[in-house]
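Student: Residues in the sequence shown are numbered from 76 upward in steps of one, following our numbering.
Since the hints were derived computationally from the structure, they do not count as laboratory data.
Since the model is a prediction, treat every value here as computed from it, not as a measurement.
Check each hint, because a few of them may be wrong.
[As the list claims (entries may be wrong)] FRET-style restraints, in silico, Cβ to Cβ:
#1 186 <-> 206: 33 to 41 Å
#2 147 <-> 168: 27 to 35 Å
#3 154 <-> 205: 22 to 30 Å
#4 203 <-> 127: 30 to 38 Å
#5 210 <-> 161: 14 to 22 Å
#6 168 <-> 120: 16 to 24 Å
#7 170 <-> 225: 35 to 43 Å
#8 225 <-> 173: 31 to 39 Å
#9 169 <-> 230: 34 to 42 Å
#10 156 <-> 203: 17 to 25 Å
#11 124 <-> 154: 39 to 47 Å
#12 226 <-> 173: 31 to 39 Å
#13 222 <-> 188: 13 to 21 Å
Virtual Cβ for every residue (Gly too), placed ideally from N, Cα, C.
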Amino acid sequence: MCGEPAGVQNRFRDRRGTPAPQPGPGGPRGPRPFFVYGTLRAGGANHDRFLRGRTLAGEPARLAGAVLYDGPGHPYAVEQPGGRVRGELVTALPEVYEALLTDLDRLEEYVPGDPRNLYERVARDVERADGTTVRAWVNLAAPRVADRLRARGRPIPGGQWPDGR
Numbered sequence: 076m077c078g079e080p081a082g083v084q085n086r087f088r089d090r091r092g093t094p095a096p097q098p099g100p101g102g103p104r105g106p107r108p109f110f111v112y113g114t115l116r117a118g119g120a121n122h123d124r125f126l127r128g129r130t131l132a133g134e135p136a137r138l139a140g141a142v143l144y145d146g147p148g149h150p151y152a153v154e155q156p157g158g159r160v161r162g163e164l165v166t167a168l169p170e171v172y173e174a175l176l177t178d179l180d181r182l183e184e185y186v187p188g189d190p191r192n193l194y195e196r197v198a199r200d201v202e203r204a205d206g207t208t209v210r211a212w213v214n215l216a217a218p219r220v221a222d223r224l225r226a227r228g229r230p231i232p233g234g235q236w237p238d239g240r
């Protein structure tokens, strides 16, 4: 359904070429919605390729306690008290949840526990426009990336990545 970025396929296989074990969908408490703030937002470069026809809902949302940094080609959310990231809360169709989670992990080149990750998929409380919160998957900058961004990166004013990228 979707191509893998160069070099990703090998990270999902062990030395014998066997697929690496992946965590169950949604972790120990079942499926969660996704908080997206970059190319997966409506109108973003990856939205149609990965999300069109695979979601029940998408709505504006905010992630408190994080700052958005401009990375080459895409943004990174970095945990930081007092910050806010604006994005969208996306709820997957139940019948495609597991496949979508796998596809999004591949897009972000995320492998659980891999020190080469650029992002870490974590569960965080996200605030809807009406003020209610929901626990969602969020891709935060991995620790080494976050350290580099804090030292030399450019925070995005207002916590919202520009539309149309």
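Student: Between the beta carbons of residue 124 and residue 154, is the distance compatible with 39 to 47 Å?
Tutor: violated, 28 Å
Student: Does the Cβ pair residue 156, residue 203 satisfy 17 to 25 Å?
Tutor: holds, 21 Å
Student: Taking 35 to 43 Å as the hint, is the beta-carbon distance of residue 170 and residue 225 inside that range?
Tutor: holds, 40 Å
Student: With respect to the beta-carbon atoms only, verify the hint that residue 210 and residue 161 lie 14 to 22 Å apart.
Tutor: Holds, at about 18 Å.
Student: Kindly confirm whether 27 to 35 Å is satisfied by the beta carbon distance between residue 147 and residue 168.
Tutor: Holds, since residue 147 and residue 168 (Cβ atoms, about 32 Å apart) stay within the stated range.
Student: How does the Cβ-Cβ distance of residue 154 and residue 205 compare with 22 to 30 Å: does it lie in that range?
Tutor: Since residue 154 and residue 205 have Cβ atoms about 24 Å apart, the given range 22 to 30 Å holds.
Student: Taking 31 to 39 Å as the stated bounds, is the beta-carbon spacing between residue 226 and residue 173 within them?
Tutor: holds, 37 Å
Student: Is 30 to 38 Å a correct range for the gap between the Cβ atoms of residue 203 and residue 127?
Tutor: This hint is violated: roughly 22 Å between Cβ atoms.
Student: Given the range 13 to 21 Å, decide if the beta-carbon distance of residue 222 to residue 188 lies inside it.
Tutor: holds, 19 Å
Student: Indicate whether the distance between the beta carbons of residue 186 and residue 206 respects the range 33 to 41 Å.
Tutor: For residue 206 against residue 186, whose Cβ atoms are near 35 Å apart, the range 33 to 41 Å holds.
Student: Is it true that the C-beta distance of residue 169 to residue 230 lies inside 34 to 42 Å, as the hint says?
Tutor: With a Cβ separation near 37 Å, residue 169 and residue 230 satisfy 34 to 42 Å, so the hint holds.
Student: Taking the Cβ atom of residue 225 and the Cβ atom of residue 173, is their distance within the range 31 to 39 Å?
Tutor: Given range 31 to 39 Å: holds, Cβ gap about 34 Å.
Hint compliance for this structure: hints 4, 11 are not met, and every other hint is.
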